[in-house]
Each structure stands twice: as structure tokens, then as C-alpha cells.
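Asks: As a plain string of letters, each chain reads:
4 protein chains.
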Amino acid sequence: MIDFALTPAETELRDRTAAFVRDEMIPRERDPRQDEHGPTEELRAELVAAARAANLLSPHVGTEYGGLGLDHRGKAIVFEEAGYSTLGPFALNIAAPDEGNMHLLEVVADADQKERFLRPIASGAARSMFTMTEPDGGAGSDPSMMKTEARQDGDDYVINGRKWLITGALGAEVAIVMARTFDADGTDVGATMFLTEADAPGIEVTEVLDTMDSNAPGGHSVIDFEDLRLPANSVLGEVGRGFRYAQVRLAPARLTHCMRWLGAARRCHDIATEYARTRQAFGKPLSEHEGVGFQLADNLVELHACRLMIWHCAWVLDQGDQARTESSMAKLYCSEALSRVVDRSLQILGGTGITDRTVVRKTYEDIRAFRIYDGPSEVHRWSLARQVVKG
Amino acid sequence: MIDFALTPAETELRDRTAAFVRDEMIPRERDPRQDEHGPTEELRAELVAAARAANLLSPHVGTEYGGLGLDHRGKAIVFEEAGYSTLGPFALNIAAPDEGNMHLLEVVADADQKERFLRPIASGAARSMFTMTEPDGGAGSDPSMMKTEARQDGDDYVINGRKWLITGALGAEVAIVMARTFDADGTDVGATMFLTEADAPGIEVTEVLDTMDSNAPGGHSVIDFEDLRLPANSVLGEVGRGFRYAQVRLAPARLTHCMRWLGAARRCHDIATEYARTRQAFGKPLSEHEGVGFQLADNLVELHACRLMIWHCAWVLDQGDQARTESSMAKLYCSEALSRVVDRSLQILGGTGITDRTVVRKTYEDIRAFRIYDGPSEVHRWSLARQVVKG
Amino acid sequence: MIDFALTPAETELRDRTAAFVRDEMIPRERDPRQDEHGPTEELRAELVAAARAANLLSPHVGTEYGGLGLDHRGKAIVFEEAGYSTLGPFALNIAAPDEGNMHLLEVVADADQKERFLRPIASGAARSMFTMTEPDGGAGSDPSMMKTEARQDGDDYVINGRKWLITGALGAEVAIVMARTFDADGTDVGATMFLTEADAPGIEVTEVLDTMDSNAPGGHSVIDFEDLRLPANSVLGEVGRGFRYAQVRLAPARLTHCMRWLGAARRCHDIATEYARTRQAFGKPLSEHEGVGFQLADNLVELHACRLMIWHCAWVLDQGDQARTESSMAKLYCSEALSRVVDRSLQILGGTGITDRTVVRKTYEDIRAFRIYDGPSEVHRWSLARQVVKG
Amino acid sequence: MIDFALTPAETELRDRTAAFVRDEMIPRERDPRQDEHGPTEELRAELVAAARAANLLSPHVGTEYGGLGLDHRGKAIVFEEAGYSTLGPFALNIAAPDEGNMHLLEVVADADQKERFLRPIASGAARSMFTMTEPDGGAGSDPSMMKTEARQDGDDYVINGRKWLITGALGAEVAIVMARTFDADGTDVGATMFLTEADAPGIEVTEVLDTMDSNAPGGHSVIDFEDLRLPANSVLGEVGRGFRYAQVRLAPARLTHCMRWLGAARRCHDIATEYARTRQAFGKPLSEHEGVGFQLADNLVELHACRLMIWHCAWVLDQGDQARTESSMAKLYCSEALSRVVDRSLQILGGTGITDRTVVRKTYEDIRAFRIYDGPSEVHRWSLARQVVKG
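Residue numbers (this note's numbering), protein chains in the order written: chain G, 1335 to 1725; chain Z, 1335 to 1725; chain Y, 1335 to 1725; chain P, 1335 to 1725.
In short, the hints are calculated from the structure, not lab data. Nothing here was measured: the structure is a model prediction, and the numbers come from that model. Misleading hints may appear alongside valid ones.
For chains that are exact copies, the list does not tell them apart, and a pair is met inside one copy or across any two.
Stated by the list, open to error - Here are the simulated SDA-like pairs of lysine to any residue, each with C-alpha atoms no more than 20 Å apart in a straight line:
1) Lys-1724 x Asp-1632
2) Lys-1696 x Ala-1518
3) Lys-1448 x Leu-1543
4) Lys-1618 x Lys-1724
5) Lys-1618 x Gly-1471
6) Lys-1448 x Glu-1622
7) Lys-1481 x Arg-1578
8) Lys-1618 x Ala-1473
9) Lys-1618 x Pro-1477
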């Protein structure tokens, strides 16, 4: 039955997260222990400790790994609140790519792999990276172009190739490596995912890219695999099923981006609203100028539409469906609508908007990539068009 | 608990309505018994009979008046399906203004008034009009400017004034009359609603306006009240509470517009999709041109967002809330997004789009007014801005 | 040298045209001698007579055929003014398709053809049609799909095929016929244009389409050619060069659409401005509401941008260039921007906007096709993209 | 007579500037002598020297001060080319605020002031600041709120107040100070502009703001005036005419922003075009995907519209008109359209777009402020609406 009511447990958790963010995160937003990529490890550890103390750590992970075992709807509620502060997702350990990696490991990894790789990430001790995207001419929007190769050599796989825009690589302890795989006979058996410690010989961060955003500890890097040798038990799931597992990770990971950005955009909207309430121009508060008020109204409507689309997609995922269409719609719509919300909020702030007086400026810079990663808008439109046409 | 599943009863009703529309309404869309305003009374009676036979008549009305007693969520589901054909709402007896008038009478009228006025409308026998809007300088977006006056004279009220854009006036049997009211002492006691037969002396349809739309039997008219004398039992509810009752009618009526237009826009989208699948240009089907496919994708996303916003607002109404903010958001968003959907659908059809080969052209003309009536977009943005600012 | 000043002669002509439109055309706009397609022949003759008396008839045609011999910039100035009234283009004899047909004949036809076909059109006595577009599966946006065939038979050509959306066919006296041509050996020698009286045996208007617009006398029709036999001297220019001549017609004809619609949209904007000045809402004139004022400001900017783009393209044409890129840009931008201007103007008028109280409603209906004919926006975007990419 | 042809001299200058930018500026764009605000003084001096060698220095300034004495149309042509590189405007000495300050001084300053203040700026030796904007509650979009005061004290003026977002303050040698002025009797005599060396006692840069852009050497600062004492000959023009002079500076300065940003956005478009030509996705170059090509087409059209609007406004200024309406239209349209061009260009680049691999990312960050400074879009819409309404 169509219902938009939160359960009492969800309401309690939402309010508790909101209070945690308000009381513990927002006051720390100007903590100097942040570099051009995000919080340093020292600050991150402190944030994680605070979330653990508030019983909010890794809420998306099963209780056996220290989380709260939230379903997708539960995540929608909590992640939005966490995203309200630039630091919230790091505290709750729900930032990309770790959040998606934990989800993937929880669904696909075997028991040993979970102990070795999932547990330290879920506890907030370790960070991880997901190495799929490649530089020009390799796997990007079109994953079929993947050039990185894993060649079976006895019981091992030897991996060579270059990845780029690998989020969080610098400082990560765990790596998920995606490579086109060739068996002992040299036959292409499809893409495979491998699990490894990130300091394995043959993995090198060759360049940390200078990017517009600053909400990814470790930044986005170029990674070279040079004769990275991994034993057979490094394979995540089964050989040749890498793209299928990528789908397992993809739709939910897309959606959690939407959730966090919804919170971040709502924050910008609230800041702009407060500014418009108090700042005078031409004889009355900004908020009484329709030119400003209409922007706030549009923000309200688009934030609302985003939330509904996220909730709906989360519900579809909770029914056990892959939600490919729904997550494409949510990602496409949220990335574009929330960008508009942040842009309007900045515009309302006037000159203040382009300074670091508020988090709006940082959010503006950070959110730009959202229309690109996890499938640029154009790829989602193309994919949705195919859904429409095939009916 | 957040849930988007229909109940089995809702699913059955949705499917039954869809089948009714597909099998009984769409084939009749070219029935010549339609004039520049919509179906003639003869055709309308036939449509109503068909819906009654399918047990789909007046589904929003309580069972004691022959309806199905649907709640707002139920209406959302059924009305969307009905709107899929230009004739569906007339068959189900859920077109404006009758649908909103029935809702108002059901909530506010006394037992006698219900027998006399609601029952014939609910049965599909009679049409009704709601006379609130006035020409330039009178009540429009700003109802406080109402000029029509009712003056108490003994036990009667004598009403004078001019209304315009009164939908369905020509041929209506029931009128709801809104007037600024003065008691026997000449004191302004606020706006009052009155109920009367439409052929009462003193009510005259002085002009049927030539308008762009053609989905309102009787069209939109100018009405003159000249010494219209109504007894005290004509008062709907209480004297002086007219604007409060207008609110009772307003939010749900707005929302049912959204529901019907959602169906109509989905129809246009389906027509455009089918055209894009089959029509070739530059060596491949139109649908394989991204420039067309992207428009279909945007349609899909916006139809989805509209449906979610409607369902959410319906749920709020079902909780007993007035849903003023939610219905403003839904009306603003749906009127603009669905207009875009229809516009894109027409564009995809190319030259065919501007002909009467499909219902897209009529829908394009009909939907334009939706951004104006029940509060133009600007008034909703202004009202929502106030909500945002007061927090 | 960059210059935006009109010459004294241009200024005089502009002002004279504006005065003619204001004094002679606008007062006639409600003349009942108009049907669902536009002015009847009786009214049209009267309008033409008025323009002739004002020395404004066929200003784009050479003086030897009774025109003013304006260059493209001169046309830009005069046609905008003429477009300010729905009747102006008919009076000046510059409406589509006649205007473009006259241009084509002036450039390509031989002396005999000019006497026989151009002179009566230029004098306003005869109307003409241009038969290129075909129904589904034939020549539309992609002219290479043309199915109508002309087969050489002795000295004659025998033409068979179906055209549709042929503007002005009903009542036209002259027809330009475009057909894929096969020589006596049955070899496809490319598309050819033929000139003929429209009442030649073998030309039949089989259906007058019911379309959204009403600014084309005779409407838009389906035309069947059944063994239409034309002698060799019917060939316009040379055999096989039909598409090249279509280009001759295309860019200027596109641009004159922009000119006329610029005037029409400016008219709507002026009507909305006047309404906003005088109509009160919420305690002040509409115009003092930023939500309305901002729309007027956007109108002003877009009208300005359209005019500049038209003037620029006209200048390029006047340099002897085909202006394919410039006319694509102008057509794409003007059709979309002017549609927005008209839409905003209608929105500002509120309920009045959808009635026939002003010409805004008719303009809204008429202008919709402008984003489709002479290349829909998507085809222009595709063509411009190719220009960009090839550099 | 409407003409869009460049004179031979303009063509030569345009081509020479383009060659200079291509050969001398673009190769230097990664010069490490740039900080978070822009080129260091060392690099800037080198750029200026290069422009002087190319005879392109300060082209907007009169020849008596070493410039080329270009009119506004000439500036439009040269500044667009200079803006094509992030370094071009610094080399040609046409960056804000110096360019506008030079223009102001040339028009208003007396001979002594020109020698002392204009000459060193025009030669590229000195930088300058224009101190008008104030922090919250002071002069911003609404200059009437100015709080900084100059009080006459004998022959001197003593100035107190706080300014903010003062571009280039750090390192500037010349300051133009705007203050509400009170004469010896304490009467408010209106705003006045004063000229002074920037190291005068009583001027302090109290904070260099951390802003999103990085194209203003010295950044944007908070400036405190504390008993800044200036002699009477410091007055620029006349006492009390500060706002009038601000208008002298405003329209042309707005327009030169448009010119430079046009070049910058065209650069981004060219980078995106080149990327789209070469990068493959889904089996063909990006450029052959309509979803990408259509964005390039829209870029082309909007760049064209911006150029025309700039040229037109420049021509109006060259006629001696203040061009308030035209410069508002140009600023509003260019700031919004060019932002879209840069945004689309970044989107086409995908992940590369958010890295420093191209200047698109920096341009995206830098251009955001353009919709805010020199009047945010909302103020221009409001001002244009007033023009429309008063007719």
C-alpha cells in the first residue's frame, strides 16, 4: 500500500543522525586537518570514532560486521542526513567508494575475503579503492573498451594495465581490481574482479590528479598495474563475471550518491534561505524579492522530487529488483536537479557564494562531477531511451 | 513504512480502468459528436453509461451516492488511467469542475443539499459549475479582490456580479456561487458559497469564450448574476466561510488535474514512442537518433517524477492533512513537467504532430491552460517561497 | 565596419510599414472573413490592395515585378514590422510559401516562366504551393527519401506520387513540383523542380489537414499526383538540380520565417507588457511582481538576440554567401526563443491568454509548427554539430 | 548601414592577437609562477613585456598613454581573442579591474591624476583596485546602502569604512575609493570617488578571501579604511558625483567582461570539440553521438549570439550612448549563456573535465562569479523589466 511514513525506528535514526551532524559534524567543518582532497586520516579517524560512539558507524553494513544492517530505504533516510554536512559521510563511513565496495563485498565475497577485506573497511580502519575506469581509449562510459588485462599463469593471475580517476587510491589499504581476463590458453574469458591489499607489489599510484572536487580522501589517481601477481583466491566471486558484479555494485552505489548529495544540496538551500531572510536589498529582505523567492521555491520542489525518486528506487531495490531503470532515472534526475539547487543557492548568496564563508562554494565544486561519474547524464539518457523504445 | 506497492484491489481497479479506456474510450475518440468544447451531452451520456456498466462511474464519490469511495491514492491510480484517453474523464465522471464540486459537496453540504445537488451530479445526469473567478480587476489569482456581492434581504440573499472563465456553465444544471456577503446591516461578513439550480432567474451565461482548449463540455463562459435571489438554505456550509471551503476544494481538485494530465501526457509519450520506433530518418529509426531518444528518456523521468509527487500528495491528503504545500508543489511541477512531455512528444512527431492524426495536438492545446488555472505557476512559486522562508 | 544603423531609406520604410500595420492591419484582425486556415481570398485581396496603395506590396521582389527590390537586410526590417499583425504578411504578400517561391523563381526561372508564374504571384493575384514534403516514409527531414517520381516520356515528364503538409494548396494557382527524375532510359538523374498551373489534370488536393495553426490560407494539404504530364519547358532551371535549387530557396525562406515571427512575438510581448502594467494582483500592478517582470526582461533579451541573429544572417546572404550555417543557427534559435517569448506572454495574461481576447493565443498555436517546418530543431542541431566537428 | 564586416585594420589586429595568444600565451598556461589567485607579479611582468613586444599592450587606452586607442568595437574583437587564453588578458593589460579603472581615469581624471595614476597602470607596471562593494548590509547590488564615509576636514577628506570582495587589492599600487561624502557642515553631499596610492596610511588589506576563482592577481580582499586622510586633489572628477562616474565605468566594464569570457568559453568549446572528434565511445567518435553533437551545436549558437550582442552594445557605446539597457542585456545573456557553454564543454570531456588536464575546469570555476559581479542576473532582470514597463 502506497505509504510515505517512516517507521518509528527510522524516525529515531533520522533524528539521531540529524542531531549528530548538527552537533558533531558541522562544528568541525573548518577543522584544518583537511587537504585538497578531504579530511586527513587523523581527522577521519576522529570522525569515525564520533560516529561509533553515536552508534551510527557503517549503518549500511550487516550487524555481524559492526553495522546497523539498514535496507535501502533506511539508507535513504540516514544518508541524506549524513550528507547534510561535508564531514557526515566520512564519519558514518558511507562515502564513495568505500560504501559501494562494502556493499559489493557483502554480496559477493566469500567468508575469508570478508574477514580480510570487508571487516577492516566496515570498522572504519581501512579505506579501499575500486579500479575500473581507464584513461582515454579504455573503459569509461563504455566498459567494453577495457584494456587492463589479467592473464592466468599457473594458479595465479598476472595483471597489467592503467586505471585513472581511481578515487581514494592514495592511502587505500584494499583494492578491487577489474581486468579483462585470459585463461591459461589465452582465451578471453571476460572481465574479472580481484581483491588485494593495495600495497601489493605491482600496484603503483603514479599520479594524484588535480581535480575540482575535494571530498575524496586520497583524491583521484592514476594507477599502474605492472605484473601484479594475485593468487586464485583473490578472485571476487567467479572469473569472467566482473561486469555482472559491477552491476551489483552500480545501482545501489549510484543511489547512495543521490542520497548524500540530497543532504548536501538541502544544506545549501537552508544556507541560502537563511541568507535571504536576513540580508536586505532595495528596501526589503532578499526573501521578499520574487526573483529570490522563486529560486527557493524551485529548490523546494526539486529537493522533494529527488527524495521521492530516491525513496522509490530504494524500495525497488528492497524488493530484490536490480532497479536498473529506476536507478538510472534517479541518478540522472538527482545529479541534474541537485546541481541546480546548489547553483541557485550560490546565486542567492551573491558575492558571499563564491567565498569559503559557507559550504555552498565547496559543494558547488564537488557536485559538478556527479553529472559525470557513475555514468554521465548522456549515457543514462541513452540507456533510458533504449528502455522506452523496447517497451 | 515507505511503500510503493499497490494493493490487490488497486491493481485490479487500475487494470480494469486501463482496459476500459483501451477498449471503450480510445476507439470512440473520433466520434463526431464533439464540438469545440468537448463531447456533446449525447455522447457524454453514452460514455457515462459505459463507465457505469464497467462499474467505474464516479469512483471518487462515496458508495451511498453510487461511487467507489476511493481515497486520494486510489484516485491517483484510477484517474491517471482515465486521463489516458481524452474521453476517459467524461466517462468516469471525474472531469473538472464536476469532480471537485462533488468532493466539496460531499464534505460540506447538508443531507438535503446532497440529495438535491450531489446525487444528480454523481450519477452523471447533471453537470455543474463553480463560479469564483472574475474578469479583470476581480477575483483571480488574488481572491481577495472579489467583487460579486450577496446582500442579505430578509431570509434571502440577493446576488449581483460578473464571473468569467466559468467552466461548463453552458448546459450546467447546478451552480456553486461564490460572493462577498453583506448581512442585513450591510456588514461585510466574508465570502459565502451558495448552491442553486443553474436555471434560476438572475443567472445568465452572457458569453461563451473562444478558448484554446476543447476538453470542457460547455466551454468557459462569462456569467452575469443580476438580482439572483436565493433563500437561506442555499448557503453551502456557513455564511462567511467561502474561502475556507474553497481551500477544501482546492488542494484535492488541483491534484486530480495532475492525475488526469499525467495519463494524458503518458498517452502522448506512448504515441511519440511508437512513431519513433517505426519512422525512419537518415538511415535508421528515429528512436535510434539520440536527439529523439534523449527526449523520450526525459519524458520517462518526468512522468515518473510527476507520479511520485502525486502519490505523495495523495498520501498526505489521506492522512487528513490539507496538503497545501504538497499540492502546490505537485501542481507547479506537474503542470510544467507534463507540458514539456507533451511538447517533446509533439516535436518527435514532426509535421504529424500539428495535425489531428493523433491526440497529441489536442493535448498540447488543452494542457496549456493547466499552468494557469488553479493558480498560475507564479502564484505557486510565491506561495512556496513563503513556506520556505517562514520555515 | 561593424554597424547597426539603419539607412534613412530603411528607417522610412520601417516606420511606414509599422504605421501601415498599426493603422490598417491591426484594426482588421477581427474581420470575420477568416476561416480555420486564415484570411479568405476576399479578405486577402483587400489586404493586398491596401499594401499596394501604401506602396508596400511584395517588397522583396524586384521592381520589374512590382516590388521594392529589398536586399535581405531590408527584408529583415520590413518583415518584422509586417509580422507584428497576423494580417501583415498577407497584405505585403510575404507569407510562406509564396514569399519563398517568388524568391526561387526570381533566381532560377527563365524569362517566360517569370512572366507566366512569378508575375501573378508577385502582384498578389495568385497564390502558389511548393510540393516537397511527403508522408511517412517519404521526403521529410531527410529529403533523400523522396518517393514522388517524374519519368521522361518523349518531351514530357509524367509525375506520380503523394505529398503532404503542402501549405496553401487549396486555392493555389501555381505549383512547384519536386520529384525524383528518371530519364528516357529509366536512369535516376536526381530530383527536379517543375512549374505548372495548379489546376493541371493529375494534380488533386485529396485532403485538407486539420492542423493547429491558422495562418496559411488554404491550409496544409495532401496532394496526389497521378500521371501529371508536364512539357519540358516546365522544368525549373535544369533537370536533376532540384535539391540545389531547394537550397537556394531554403536559407532565405527560413530566415523570412524568423523575421515574421520576430514581429509576431514582439506583438505578444507588447500585449503582455500592457496587461502587466494595468492589471493589479496582490496590491500592486502585475509588472511590479518580479515573477512577471523577469519574464518580460527575458522576452526583451531574447527578442533582441533574435533580431541580431536575423540581421547577421541577412548580411551574410547579402554578401552572396549561402549562409547555411548562419541560417541554421538563426532558424534554430529564433524558433525556440520566440516560442518562449510567446509562451511567457501568454502566461502573463493568465486566463485571458487562452481566450481570443488577444492574438497571443492564436500566435501560440501558430508558432508551434515553426520548431518543426524548414527543418526541426533536431535536424539543425545535427547539421550544426557536423559544421562544428569538421571545423 | 547594417554591417558585420571587420575593417582591414581590425582583421589584422584580430589575427595578430590570435597568433600572439596561440604562440605566446597558451604555451605558458602551465607556468608554475601562478598562485591561487593568478599569475605572480613576476610572471605578469613577463606577459606584459611579451604583449608590448607584440604591440598589443593596453589596446583600449589612448595612444598618449601607450595604448592603441581602440573604440568599443575594436575592443570587442581584440578582447575576445585575448580571453582565449587564461593568460591573455594579463598580457594585454585588459583584465578587471585595471581595464575598467583605466577607462574611468581616461574619461574623468584630470591631467595630473592621469600622469600619476593612469600612466603606470597603462604601462602594465602597476595594478589598481576599485573599492565600491561592501560587506553584508552595505553597498552591493544596491549601492544606495553604502556605509563607507568621507568627511571633509579642512582641505582634506577623512575616510572610514570597510569594503570587501575588492579585486586585486593585494599588490595594487593605486586605489579608487568610493565613499558617501559629508562636507564640512556634515551635510551628505553624495558619493565621491577618490584616487590614492594604495599604500597610503589608513588603507589595510585585512583579509584575502578564499574564493572559487583564480583569475585575479591579488585575489579578492577585505579592505579597511581607518582615518584615511586624502587631500582635495584626490577627488576624481567632482565631489558627490561618484555614482555617476560609477555608471561611466560600469557599462563598458561589464561589456569587457563579456568579451573576455566569450573568448574563454570559445576556448572550452574548441577543447571539447577536439576531444569529441578523437575520443571513441560505443563504437564511434563522441562527436557522432547526437547527445554530444547537439551540445556542440548549442555552444555554437550561444557563442554566436553572445558575440552579436557584444558587438551591438559596443556599437551603441561608440555612438556616445550610455548603453545601460544594451549592456544589461549583454551582461545578463553572456554570463548565463557562456556559463552554459563552459558547462557543456566540461560535460563532454567527462572525467577529464574535472581535472586540470585542460583549462576547462579552471574556466568553469572562474566563470561562476560572472553571474554575480557587476550586477547579479536578478538585478539585471529587474532593471530590464523596469525598462520594458516604462516603455
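Asks: None of the hints should be skipped; say for each whether it holds.
Replies: We went through each hint and held it up to the structure:
Taking the shortest Cα distances, Lys-1724 and Asp-1632 sit within 20 Å of each other only across copies (16 Å), while inside one copy they are farther apart (33 Å). Taking the shortest Cα distances, Lys-1696 and Ala-1518 never come within 20 Å of each other, neither inside one copy (49 Å) nor across copies (47 Å). In this homomeric assembly, Lys-1448 and Leu-1543 never come within 20 Å of each other (Cα to Cα): the closest approach is 30 Å inside a single copy and 47 Å across copies. Proximity of Lys-1618 to Lys-1724 under the C-alpha cut-off of 20 Å is restricted to the inter-copy arrangement: shortest distance 15 Å between copies versus 54 Å within a copy.
Proximity of Lys-1618 and Gly-1471 under a CA criterion of 20 Å is satisfied inter-copy only: 11 Å between copies versus 55 Å inside one chain copy. In this assembly of identical chains, Lys-1448 and Glu-1622 lie within 20 Å of each other by CA distance neither inside one copy nor across copies; the values are 56 Å within and 44 Å between. With identical chains, the CA atoms of Lys-1481 and Arg-1578 are at most 20 Å apart within one copy only, with a shortest distance of 18 Å there and 47 Å across copies. When the C-alpha separation of Lys-1618 and Ala-1473 is checked against a cutoff of 20 Å, the pair qualifies only between copies, where the shortest distance is 14 Å, while the shortest distance within a copy is 54 Å.
Taking identical chains as interchangeable, the C-alpha atoms of Lys-1618 and Pro-1477 lie at most 20 Å apart only when they sit on different chains, with a minimum of 14 Å there against 54 Å within one chain.
When the structure is compared with the earlier hints, violations turn up for hints 2, 3 and 6 and for no others.
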